[in-house]
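Peer 1: Each protein sequence line maps, in turn, to chains A and B.
Numbers -7 to 420, taken from this note's numbering, label the letters of the first sequence in order.
Numbers 41 to 181, taken from this note's numbering, label the letters of the second sequence in order.
Please note that the accuracy of each hint is not assured.
[To be verified] Simulated crosslink set (DSSO-like; lysine-lysine; CA at most 27 Å straight-line):
1. K379(A) <-> K108(B)
2. K116(A) <-> K102(A)
3. K290(A) <-> K389(A)
4. K53(B) <-> K379(A)
5. K100(B) <-> K156(A)
6. K102(A) <-> K193(A)
7. K102(B) <-> K128(B)
8. K397(A) <-> K53(B)
9. K379(A) <-> K412(A)
10. K100(B) <-> K189(A)
11. K417(A) <-> K389(A)
12. K53(B) <-> K417(A)
13. K68(B) <-> K108(B)
14. K102(B) <-> K156(A)
15. K102(B) <-> K189(A)
16. K68(B) <-> K379(A)
If you are wondering where the hints come from, they were derived from the structure by calculation, not from laboratory data.
Since this is a predicted model, take the numbers as computed values, not measurements.
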Amino acid sequence: MWQPEIETMPRESIRALQEERFLRTWNHIWDRAPAQRGLLQAAGIGRGDVKSLSDIVKLPFTDKKAFADNYPFGLFAVPQEEVIRLHGTSGTTGKPAMGGYTAGDMAVWKDLIARVCAAAGVTKRDLAQVSFGYGLFTGGFGLHQGLEHMGVCVLPMSAGQTEKQLMMMRDMGATVLVSTPSYALYLSEAVREHGIKDQLKLRVGLFGGEGHTPEMAAQIEENLGITATSNYGLCELTGPGVSGECLFREGMHIAEDHFYTEIIDPETGAVLPEGETGELVVTPLTREALPLIRYRTKDITRVTYERCRCGRTHVRMDPTLGRSDDMLIIRGVNVFPSQIESVLIRQEHIGPHYLLVVRREGVTDTLEVQVELIDGSVLESFGMLEKIKHTIQSRIKDILGLTVKVTLVAPQTIERFMGKARRVKDER
Amino acid sequence: MVIEQISVFVENKQGALSEVLEVLAEGKIDLRAISIADTSDFGILRMIVPDPDKTLALLKAKGITASKTEVTGCKLPDEPGALYRVLKTLEGISVEYIYAFLTRRDEDAYVIIRVEDNERAQEVLRAAGHTIIGSEDVYSL
């Protein structure tokens, strides 16, 4: 453990720390973040309405729109001269949401990353290949500085140039791989194709930046011979380091001394009891440059406060089922691409990459699942090919109650992603 | 005595078949017999070529899904009813698919038959007086 005294703190001490830090953040916002103060006042909230952490349920949520409305630095609580780093979201739907960091924020962030890495079993004897993109994305620089802070030897590969990634992985003897799960899958397939698994020293994968299913993790583990761990974070909330799995892999430990979390019903905004699935809402407790109140992550998950077998006492969240943004509504059924992925990845004869195409035919929505046929041995009979399609179809029907069209396509025709994967094409 | 056949997965979209044939043309692969079967979204191209291993390697190098299988070849007179007599002989043996081709070299016709058990099918065919052909025969045609 990187900070055992904090990571194993009794729950009542965590709560007391959160209480104190939340009130400090609350005052910080009123003192120094005019735009956020305006948002609170517009919602009819005054500074005196909050006396303790339990009052948080009365406060309005902050969402991505607040970032867009106050682009680029409007939500910040410090002037730009106190900001020493900027990062941004991918901004697929317009301008990125910008995150800013003071020197103090950077120091905290390094420890958050170090906790996640240590929980995954990384020590300073490791050599970590960082195959996250370096740039505005928080992943590359975030993991880089946290690993360095631990004394781990960092190999900053960034994403892309797969052949070179494999060469360096082998020649440098990388023991840790840091990337998005989609890129790890892609790299792991290349490793399998080149037959170089035995020449690698990789033992742990730290995957984040997007969600993935246990089935996909299992595939990466098999191809690379590693233990795959997930970690979680959002640029708006600092970046990676918000939570991460320990080696028991029974949920990602949220750094509760820095983040207060709630699970809400995404429709009504009501706070849900422990164990129920809903949208994760996070209030950072120690941010200087960018404190926020009840930030809606759009990520769907579930939490448990039960003490983990690893000894950590902080709340654990399930790997995210998907972002509520990624959720498709097809014929009234809520569909997360990850649910379909879990079916596809355990299907034999096909590759792990897929594309979901949603169309509207007349008044009906249709979902087509495209997968690559990679195994030539099934070409001997149409019966076998039809069986693959039917098996996928019926398993998806079991999970979602939805009949989808399954199309087998040729290998290497579905797009591969170096960063976060985009697996849905909505033509409606 | 069996013939090695190459099967190739072909997506049902414009240019997909050309792509496969281009690889074969570039590799100077001489197609002795081909057959294409298709469904609404994909097809399977089957072919007999003189060097199946090289062909398979060429296709795989291009990331095309392909495989090699053993099939039975049978020579029969090019006349009405000949194919019927072959199939009649095979009654009780399930035939996955079948395709025929002619050559310039002789008057006879040839069929490629895909069955689960080549040995047994050939035994039955031979017993009924049919001529079984092997790889060498096809390549020299």
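Peer 1: With reference to the structure, classify each hint as holding or not holding.
Peer 2: Consistency of the hints with the structure:
1. K379(A) <-> K108(B): Satisfied, since the Cα-Cα distance of roughly 21 Å is no more than 27 Å.
2. K116(A) <-> K102(A): Distance ~14 Å between K116(A) and K102(A) Cα, so the pair holds.
3. K290(A) <-> K389(A): 26 Å, holds
4. K53(B) <-> K379(A): Distance of about 22 Å is within 27 Å: holds.
5. K100(B) <-> K156(A): 23 Å, holds
6. K102(A) <-> K193(A): 26 Å, holds
7. K102(B) <-> K128(B): 41 Å, violated
8. K397(A) <-> K53(B): Status holds; Cα separation ~17 Å.
9. K379(A) <-> K412(A): It is violated: about 31 Å lies between the C-alpha atoms, which goes past 27 Å.
10. K100(B) <-> K189(A): This hinted pair holds, its Cα atoms lying about 21 Å apart.
11. K417(A) <-> K389(A): Answer holds: K417(A) to K389(A) is near 20 Å, not above 27 Å.
12. K53(B) <-> K417(A): 18 Å, holds
13. K68(B) <-> K108(B): Answer holds: K68(B) to K108(B) is near 18 Å, not above 27 Å.
14. K102(B) <-> K156(A): 21 Å, holds
15. K102(B) <-> K189(A): 22 Å, holds
16. K68(B) <-> K379(A): 35 Å, violated
Consistency with the previously given hints fails for numbers 7, 9, 16, ordered from lowest to highest.
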